[in-house]
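Student: Chains as they are written, first to last, in this note's numbering: chain A, 1 to 448; chain B, 1 to 448.
Read the hints as simulated data drawn from the structure, not as lab findings. From the three backbone atoms N, C-alpha and C, an ideal C-beta is built for every residue, glycine too. Careful: at least some of the hints might be erroneous.
Stated by the list, open to error - Using 25 Å as the maximum straight-line C-alpha spacing, the simulated DMTMM-like pairs for lysine to aspartate or glutamate come out as follows: (1) A/K356 to B/D45; (2) B/K256 to A/E274; (3) B/K208 to A/D91; (4) B/K110 to B/D97; (5) A/K208 to A/E274; (6) A/K202 to A/E217; (7) B/K227 to A/E160; (8) A/K256 to B/D45.
As the list claims (entries may be wrong) - From the structure, some residues in chain A lie toward chain B, with a derived Cβ separation under 7 Å: (9) A38; (10) K190; (11) L193; (12) S196; (13) P200; (14) D260; (15) L299; (16) A301; (17) I309; (18) A340.
2 protein chains.
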Amino acid sequence: MSFELTKEFIRSVENYINEGNWKKLLEETANLHPVDIADVINELDEDHALAMYKVYNQEQAAEILIELDPEVQEDLVAKLSNEEIASELIDNLDSDDAADLIGNLPEERKSEVITQIEDLEQAKQIVDLLNYPEDTAGGLMAKELVKVNHNWSVMQCVREMRRQAEDIDEVHAVYVVDDENRLLGTLSLKKLLTTSTRTPVKEIFKPKVQSVKASLEGEEVAYVMQKYDLVVVPVVDDLGRLLGRVTFDDIVDVIKEEADRDYQLASGISESVESDDSILRLTRARLPWLLIGLVGGVLVAQIIGLFDIRENLEMALFIPLIAAMGGNVGVQSSAIIVQALANKSVNMPVWTRLTKELGVSLLNGFVCSVILFFGCWVMGYHPDMSFTISLSLLIVIVLAALFGTFVPLTLDRFNIDPAVATGPFITTANDMLGLFIYFTIGKMILGG
Amino acid sequence: MSFELTKEFIRSVENYINEGNWKKLLEETANLHPVDIADVINELDEDHALAMYKVYNQEQAAEILIELDPEVQEDLVAKLSNEEIASELIDNLDSDDAADLIGNLPEERKSEVITQIEDLEQAKQIVDLLNYPEDTAGGLMAKELVKVNHNWSVMQCVREMRRQAEDIDEVHAVYVVDDENRLLGTLSLKKLLTTSTRTPVKEIFKPKVQSVKASLEGEEVAYVMQKYDLVVVPVVDDLGRLLGRVTFDDIVDVIKEEADRDYQLASGISESVESDDSILRLTRARLPWLLIGLVGGVLVAQIIGLFDIRENLEMALFIPLIAAMGGNVGVQSSAIIVQALANKSVNMPVWTRLTKELGVSLLNGFVCSVILFFGCWVMGYHPDMSFTISLSLLIVIVLAALFGTFVPLTLDRFNIDPAVATGPFITTANDMLGLFIYFTIGKMILGG
Numbered sequence: 001m002s003f004e005l006t007k008e009f010i011r012s013v014e015n016y017i018n019e020g021n022w023k024k025l026l027e028e029t030a031n032l033h034p035v036d037i038a039d040v041i042n043e044l045d046e047d048h049a050l051a052m053y054k055v056y057n058q059e060q061a062a063e064i065l066i067e068l069d070p071e072v073q074e075d076l077v078a079k080l081s082n083e084e085i086a087s088e089l090i091d092n093l094d095s096d097d098a099a100d101l102i103g104n105l106p107e108e109r110k111s112e113v114i115t116q117i118e119d120l121e122q123a124k125q126i127v128d129l130l131n132y133p134e135d136t137a138g139g140l141m142a143k144e145l146v147k148v149n150h151n152w153s154v155m156q157c158v159r160e161m162r163r164q165a166e167d168i169d170e171v172h173a174v175y176v177v178d179d180e181n182r183l184l185g186t187l188s189l190k191k192l193l194t195t196s197t198r199t200p201v202k203e204i205f206k207p208k209v210q211s212v213k214a215s216l217e218g219e220e221v222a223y224v225m226q227k228y229d230l231v232v233v234p235v236v237d238d239l240g241r242l243l244g245r246v247t248f249d250d251i252v253d254v255i256k257e258e259a260d261r262d263y264q265l266a267s268g269i270s271e272s273v274e275s276d277d278s279i280l281r282l283t284r285a286r287l288p289w290l291l292i293g294l295v296g297g298v299l300v301a302q303i304i305g306l307f308d309i310r311e312n313l314e315m316a317l318f319i320p321l322i323a324a325m326g327g328n329v330g331v332q333s334s335a336i337i338v339q340a341l342a343n344k345s346v347n348m349p350v351w352t353r354l355t356k357e358l359g360v361s362l363l364n365g366f367v368c369s370v371i372l373f374f375g376c377w378v379m380g381y382h383p384d385m386s387f388t389i390s391l392s393l394l395i396v397i398v399l400a401a402l403f404g405t406f407v408p409l410t411l412d413r414f415n416i417d418p419a420v421a422t423g424p425f426i427t428t429a430n431d432m433l434g435l436f437i438y439f440t441i442g443k444m445i446l447g448g
Numbered sequence: 001m002s003f004e005l006t007k008e009f010i011r012s013v014e015n016y017i018n019e020g021n022w023k024k025l026l027e028e029t030a031n032l033h034p035v036d037i038a039d040v041i042n043e044l045d046e047d048h049a050l051a052m053y054k055v056y057n058q059e060q061a062a063e064i065l066i067e068l069d070p071e072v073q074e075d076l077v078a079k080l081s082n083e084e085i086a087s088e089l090i091d092n093l094d095s096d097d098a099a100d101l102i103g104n105l106p107e108e109r110k111s112e113v114i115t116q117i118e119d120l121e122q123a124k125q126i127v128d129l130l131n132y133p134e135d136t137a138g139g140l141m142a143k144e145l146v147k148v149n150h151n152w153s154v155m156q157c158v159r160e161m162r163r164q165a166e167d168i169d170e171v172h173a174v175y176v177v178d179d180e181n182r183l184l185g186t187l188s189l190k191k192l193l194t195t196s197t198r199t200p201v202k203e204i205f206k207p208k209v210q211s212v213k214a215s216l217e218g219e220e221v222a223y224v225m226q227k228y229d230l231v232v233v234p235v236v237d238d239l240g241r242l243l244g245r246v247t248f249d250d251i252v253d254v255i256k257e258e259a260d261r262d263y264q265l266a267s268g269i270s271e272s273v274e275s276d277d278s279i280l281r282l283t284r285a286r287l288p289w290l291l292i293g294l295v296g297g298v299l300v301a302q303i304i305g306l307f308d309i310r311e312n313l314e315m316a317l318f319i320p321l322i323a324a325m326g327g328n329v330g331v332q333s334s335a336i337i338v339q340a341l342a343n344k345s346v347n348m349p350v351w352t353r354l355t356k357e358l359g360v361s362l363l364n365g366f367v368c369s370v371i372l373f374f375g376c377w378v379m380g381y382h383p384d385m386s387f388t389i390s391l392s393l394l395i396v397i398v399l400a401a402l403f404g405t406f407v408p409l410t411l412d413r414f415n416i417d418p419a420v421a422t423g424p425f426i427t428t429a430n431d432m433l434g435l436f437i438y439f440t441i442g443k444m445i446l447g448g
């Protein structure tokens, strides 16, 4: 089913390479998918990686190369000649993968490689694709598609499709265009198979087709494809002319990256990192939030310093409780809003949402406060002290919930990514607000 | 492009329904995708929803129904007769959607509806599908697919495909099976179009095909499809016989749900909720973690109570700083591990990973501690006090990082979902550990 990469397997691969036993290497990897072979190469050092890569035929090699980790790919491509890239690799890649590969080359190599591509049509396609920003529909699309003219008959279509299919591995949809190449609709395989060959396409194609503009952001393309359950979506220019198509597998990475980024931001990681990045990179991604937390912590110290703790020493014991609960509630509230915004399911007005959050937090706060009150009492704290702590807790929970709801909604209104609002930032802000309330209530009830 | 739902639009729809102006209602929604019409119906009350639903023809109605929110769908289906469901709805749905719909019916209605389905083949398919657990490949798959026998010629294939395609909207792949219905490979449309009609399928099909077993969990299916860039994957039984196929749009929900759940768990939300769930449900999902936080807070109070704060009152001011920083670092560390585990990119041994985390946290801790030390000094704290705080911070950061790495890795080893480890639980545990260290160091350096 799915290949499990083991350390033993990598070691045996290294041995075959050291021994120059290419036959055995090919045999052992014959049943592996290019993705799996790429996983193996990712684990090898530069020399072994290149040696293993060279074992495969051009078609396999191209499929393996595009699946490699970006750094491994870069190292490997650096060791290939311009000609090898232009004639062996590019020729075996879909236009989107070819454009990505050339897009990642050092600036000076790009045009050198492009000029060496023999198939002029292909070179033109790649240059076209390189013009679109990477994270737009244009940057994600491939040029390979099957299209037919609405004036043709079914017979002509089949003939033309046969010609076009020569260059295409998988056909997910047949697009119907007019003489100006404007997208009109799609032709289902079903219709094509079940209609007489003389029927004009005009009469049988499906005129409604969901398309995206080339300038649409990748995240929006992902949203449209998810919403309308599309496995492939055609890309058009501002005049509605068919430029290419985006398939779902190209968009999954966009969805994954977005989810990972939200999760990381919520966890206080400011750059996109992976667990096997370098220590320095990991540190750099994590330090900014820690510094914000540090400054927040010092400010909180100043706030507590405004009050005379000596008078009610026991209050100090519950500082972490108040701070943590405020933080927890704030993170919960903002997480729900951030997700609702990401799923575009927010169509309640802000006030309805805050009222609802008020209800939830009053309920949660009430339960927690009552438990805490009796708990403290049982543990022998003075009723006044117990009351101070639990009343503060109630107020802190409610305020943290409202704050956690309000901040991401406001950020979103100003077009700032609300995912930034969760995590350490909201925790720190809640610490300050919460402890100020705690000590103010303490002063009022307990005196001092 | 993508339809934007406005309050004005919903109000005008309600007006058309009140006036019984069905013609205008149909006109206004003629260009909308069923998904968008479902979005509109989701916003209406029960009576308006039913009235609007009834406006559309059977085919449209079926497509709209499966896109409705589960509760709205349930209310609506409750008002339809068994016959309406069996003959009008089911007949216009793919087998996977039909099975989902019937699976959601109250137990007593299920068999009533199934016995009323006229097409016996279809009824059998649905009963088959209902046998698979909902979140497995079997539960996600649809029965509609095009398959050909490896002994056939291209001509026979086209004839057979024509027959099979009658019932199928979109053909993404043509599967090749043997006489026992065992999956052998796929036949590309390209080959079909470009090969002479007398060629046997045997000679032109692609024998390598990634498939999944019916019992495979939905998350694993999602993983395989993402890894191998598949928009559709065939499902087989234990003997390798072709049962159905899963398309990517069915799996996107699985991916989204998984990401959402991890994010919610990390934010201390224990049940899967959406922002428009009821207040009670939202409260119930959030209370468990808050209670854990509450107990943790009380325990932290006991730990601080072990020390005599009176001796070094200033230490109380920095309790929130130490607690928050420990929490932040712990959450960062565990988030990186949780993601690495989710992406199956963990193949470093535990010790390598902990060593790396040690490096990152020492760097982060050192930078933060030095800044804090000089900051406190400048603000007029005694050097001993400044030293106590910053040394504690360094130790707390390092321990929190190791703890945040170790806990999810250990949970994963015991097959417990590591996403549970992040969020409030790790924060609370770090509070206890961190403040104990802080006061112990304080006692050693400052005395008391």
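Student: Confirm or reject each hint.
Tutor: Against the structure, the hints come out as follows:
1. A/K356 to B/D45: Within the cut-off at roughly 20 Å; holds.
2. B/K256 to A/E274: holds, 20 Å
3. B/K208 to A/D91: holds, 22 Å
4. B/K110 to B/D97: holds, 14 Å
5. A/K208 to A/E274: violated, 42 Å
6. A/K202 to A/E217: Violated, at about 32 Å.
7. B/K227 to A/E160: violated, 33 Å
8. A/K256 to B/D45: Judged against 25 Å, a Cα distance of about 35 Å means the pair is violated.
9. A38: Status violated, d = 10 Å.
10. K190: holds, 4 Å
11. L193: holds, 4 Å
12. S196: violated, 12 Å
13. P200: Result: violated, 19 Å to nearest chain B Cβ.
14. D260: Holds. Min distance 6 Å.
15. L299: Where the cut-off is 7 Å and the nearest Cβ of chain B is about 9 Å from A/L299, the hint is violated.
16. A301: Holds, about 4 Å.
17. I309: Because about 5 Å separates A/I309 from the closest Cβ in chain B, which is inside the 7 Å limit, the hint holds.
18. A340: holds, 4 Å
The earlier numbered hints that this structure contradicts are 5, 6, 7, 8, 9, 12, 13 and 15.
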